[in-house]
Amino acid sequence: MTVELLTSPDAGAPDSDARAFRAGVRASAPILVALVPLSLVVGQHIAADGDPLAGWAGSWVVYSAGAQLAALDVLGHGSGWVSATAVGLLVNLRLAAYATAMQPDWATAPLSRRLLAALVLSDPPWALSRGREHGRRAYYLGAGVAMFLVYPSLTGVGVLVGARLSDVAVLALLPALSLGAVVAPQLRTRPTALAVAVALACSVVTVALPSGPSFALTGTVGGVVAWICWRPR
Amino acid sequence: MTTWLTVLAIGLGSVALRALPLLTTRRLPERLTAAAGAGGMSVLVGFSARSVLEFGDPSMPYAAPVAVVSVVIGLVAAFRGRGVLTSTAVGLVAYVAAAGAIGAVR
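Line by line, the protein sequences are chains A and B.
Per the working numbering: the first sequence = residues 1 to 233.
Per the working numbering: the second sequence = residues 1 to 106.
Read the hints as simulated data drawn from the structure, not as lab findings.
Hints are not guaranteed to be accurate.
Said to hold, decoys possible - Looking from chain B toward chain A, a few residues come up when the C-beta cut is under 10 angstroms (computed):
1. Leu5
2. Gly40
3. Ser42
4. Val43
5. Val52
6. Arg82
7. Ser87
8. Ala104
9. Arg106
To be verified - The calculated label-pair distances, taken between Cβ atoms and stated as ranges, are:
10. B:Gly103 to A:Ser83: 41 to 51 angstroms
11. A:Ala29 to B:Ile102: 31 to 41 angstroms
12. A:Pro104 to B:Gly56: 23 to 33 angstroms
13. A:Arg190 to B:Val96: 48 to 58 angstroms
14. B:Gly81 to A:Pro104: 24 to 34 angstroms
15. B:Thr2 to A:Leu111: 33 to 43 angstroms
Glycine included, C-beta positions come from ideal geometry on N, C-alpha and C.
Just chain B, with the same shape it has in the complex:
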């Protein structure tokens, strides 16, 4: 029952958060929508940063710094115009290569 209550309450609240700004047909000020867009981008970047900083891999040492470098390599590829799939693959390959190199040195 507690889980149902939680799911329904968050669901209703989330629908309101999603829908209310879209219900108005009057154009919102450009400055406000630009700031909201940058705020949204910031949250996505925060999500990515957080999941990399909290990354752990019991099979190798220095997993978090290696993950940071690998993700940066993937994002540089994306910034330079590579697609999502290619950039993601570049980041993953960088991590696996670094893990292999560290494993060989150990």
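Bound-form chain A, shown alone:
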């Protein structure tokens, strides 16, 4: 798959698109490194499931560590596939918010490009591209494609060796630190900062809930606050 195929012809000159694509790949590198422990933990949970091949296929098909962990946890407690699916989808509800926020950038892109953008949508590329001024589509695709290729490979490694690295406690802080570091510089606008502050309080209050309902509530609260505080530019 070439850079030219992945970047949009109407987003700018091919050269600058290629540069933005490569910049996206580079920007995702530290996050991919930081996600190694989490991916290995997911792999460890997959290995513990009765059908590791199906669990690993989920790394590509579900393509969300949180949803995958939550669903495997529900399956592990013997609650059946309907409950596991409901929990997994609840965790992934945030993806609809991400896609909605991306829509103005992608409205003029060809259908195939929009489908590719949807396929590789996950937390890091979305958050990274929010802070990008120029060539945002190509930048997003660079980060997204890198993530899409590396994350499932890492969970595959985790199926084999996950237990060893996940014993190092401090590494569990890496995903929080790296995702937080992507979000923090974007809190300079008042509505976003206010929304995130209220959402932070909400996530602390709902920490005892399962992750799916907690994330759904936190995202809804943040979105509602931003809706109320919104002022036309």
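Position chain B against the provided structure of chain A, taking the given hints into account.
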């Protein structure tokens, strides 16, 4: 078979959640996309907060509060313009330094 069913059902549902908003070529209202963006940011912050609050380290006491302080230090570095790698390293070093200090005091 149960795992396959679950994976396929969540996968199909997730593709729909990802793709449906992007399939429309009509521009969505700016207020809606701004609110969705803030909602997305909120979920990421919720994810980070949750993983720090649930953090445990059997090798040291007060692991969760130390983790909270370390992550805040890392995020302040990010807010002040440091890159992802530097900010992450700052947070990790803060945690390891605090763990070393607590270990020495004990």
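Interface hint compliance - Ser42 of chain B to chain A, C-beta minimum distance less than 10 angstroms: holds (2 angstroms)
31 to 41 angstroms as the expected CB spacing between Ile102 of chain B and Ala29 of chain A, which holds or is violated: holds (33 angstroms)
Whether the CB-CB distance between Gly103 of chain B and Ser83 of chain A falls inside 41 to 51 angstroms: holds (43 angstroms)
Hint check: 10 angstroms Cβ-Cβ cutoff, Val43 of chain B to chain A: Since the shortest Cβ distance to chain A is 4 angstroms, the answer is holds.
Interface hint for Ser87 of chain B, Cβ within 10 angstroms of any Cβ on chain A: holds (4 angstroms)
Cβ distance range 23 to 33 angstroms for Pro104 of chain A and Gly56 of chain B, holds or violated: violated (42 angstroms)
Agreement of hint Arg106 of chain B with chain A interface, Cβ distance less than 10 angstroms: violated (17 angstroms)
Hint check, Ala104 of chain B versus chain A [nearest Cβ-Cβ separation less than 10 angstroms]: This interface hint is violated because 17 angstroms lies over the 10 angstroms limit.
Whether the CB-CB distance between Gly81 of chain B and Pro104 of chain A falls inside 24 to 34 angstroms: holds (26 angstroms)
Interface hint status, Leu5 of chain B versus chain A (Cβ within 10 angstroms): Leu5 of chain B check passes; min Cβ-Cβ to chain A is 4 angstroms, inside 10 angstroms.
Status of the given 33 to 43 angstroms range, CB of Leu111 of chain A versus CB of Thr2 of chain B: holds (35 angstroms)
Minimum beta-carbon distance criterion (10 angstroms), Arg82 of chain B to chain A: Interface hint status for Arg82 of chain B: holds (8 angstroms vs cutoff 10 angstroms).
Taken one by one, the earlier hints fail for this structure at numbers 8, 9, 12 and 13, listed in ascending order.
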